[in-house]
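So the protein lines, in turn, are chains A and B. Residues 1 to 252 (our numbering) are what the first sequence spells out, left to right. Residues 1001 to 1218 (our numbering) are what the second sequence spells out, left to right.
In case anyone wonders, no lab produced these hints; they're calculated from the structure. Nothing here was measured: the structure is a model prediction, and the numbers come from that model. A virtual CB, placed ideally from N, CA and C, is assigned to each residue, including glycine. Fair warning: there could be bad hints in the mix.
[Unchecked claim] Not everything, but these chain A residues come out facing chain B in the computed CB check (under 10 Å):
hint, residue
1, P109
2, R141
3, N143
4, I234
5, T236
6, D245
7, F251
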Amino acid sequence: MVNAITTENVNVFYGDKQAINNISLNFLKNKVTALIGPSGCGKSTFLRCLNRMNDVIEICRVEGKISINDQDIYKDQIEVEQLREKVGMVFQKPNPFPKSIYDNVAYGPRIHGFTDKKNEMDEIVATALKKAGLFEEVKDRLNDLGTSLSGGQQQRLCIARAIAVKPEVILMDEPCSALDPIATSIIEELITELKESYTIIIVTHSMQQAARVSDKTAFFHLGNLIEEGDTTKIFTKPDNQKTNDYITGRFG
Amino acid sequence: MQHTDKNYENQINLINENLVKMGSILEQQFSDALKVVASRDQNLANKVIEKDDLINQLNHDISDLVFQIIAMRQPMADDLRFLFCSIKIIRDLERIGDHLTTVAKKGYRVSTNIPDQLIEKLEVLGGKASVMTHDALNCLFERKLAQADQIAERDDIIDTLHGNFIKDVLSYMKENDDFIPDSLALIQISKGIERIGDYVTNIMEEVHFLIEGKYNNS
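Sequences and hints are given; from them, build the entire structure.
Spelled out as structure tokens, the structure:
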């Protein structure tokens, strides 16, 4: 088992307030890891550390070591753009650019200079859309606005946009919370397919979703990592009483 | 800690209460069935037989509730283990009820000419199985792992006593062919009690799973 991301003694502060307390958690390559926990437990904050999304928050300070392929992403002079080519992200609300479906997907490959040949870019866009399970539905209207798609399709477009730059890791912050059950099922099935090629880390409030899609689950509470392990174990016989109480609906 | 959703908490509690009810009825049935064997009291036998309906009803009530909770609430962790364990345990409890009915039905018909020593041996066997059942039910409600494993081991004693009793009855039958039907009834009673030991062992295995999330031998 190879780790895609390793984290060591991560502490995160928003001003004086500590949001993450000394968390060390590794993410296995080509596995889906779910981060669960009540609101304010630090799971999204932690997720956002993994591609330095917290950099833009001025009062936010990240301590500790986060490495991708043994490279410390907060040191080693890594450019954020370079990092985010490796670590893509999909958000809670689908947020396609106000551009065509085609340009949404082509945006990343263009800025990273993947190619300037039209036919090659067509291929990149088609491949990403196919991997995101959207190609068949949009192939005849690639010039339509991304925002004209349904919510579920928009989210898959965002996934296509994320994978177009060939990342190693995809972070998903509650990717289905704005979607109906069918669109959710499609995304969940997609997650299972995508892990063949990518490492996926998903924050979710839905315990059932975490149970359905993930291989590993980590439970956060008040900025602490309470327990992590195989998803089947976490949801059937967690070691920690707090984990048990949270996932059975006794608090949170 | 209680569930945030009080209705959920109440549903889980209701299952537990019904299990307690089922257990206490069975314990009463067990005690009465053994008295029937000793006294051949037909009225008491009928009481045992009638109570079987209650056990069957509780079996269905618990089963329905578990089914509903699984459909409506997608239980997890200790709730899931408890529901999974309950659904298996109630089957065993229901079977124990059936065997006690057999003990009562056969018990009051056994001739009073059967030697006391045989009846007493049956009472010893029944007494052991009855205490085992009582301890098992306590263990289920108190969730004590060490006890669960220890109680399951007692089934060997029940099996040995049953085996010895069968030998005794067979020797008696050979000498007293007028009492073959009564001897067969004794064998059926003993077999019923021996089976109860097996069901109690199953229940203890489920309690082990309930507490540990895995079976004792896995």
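Results of checking the hints against the structure:
1. P109: Cβ of P109/A sits 41 Å from chain B, so the hint is violated.
2. R141: It is violated, given that the least Cβ distance between R141/A and chain B is near 38 Å, above 10 Å.
3. N143: violated (43 Å)
4. I234: Interface hint status for I234/A: holds (8 Å vs cutoff 10 Å).
5. T236: Since the shortest Cβ distance to chain B is 6 Å, the answer is holds.
6. D245: Check passed: Cβ of D245/A comes within 5 Å of chain B, closer than 10 Å.
7. F251: holds (7 Å)
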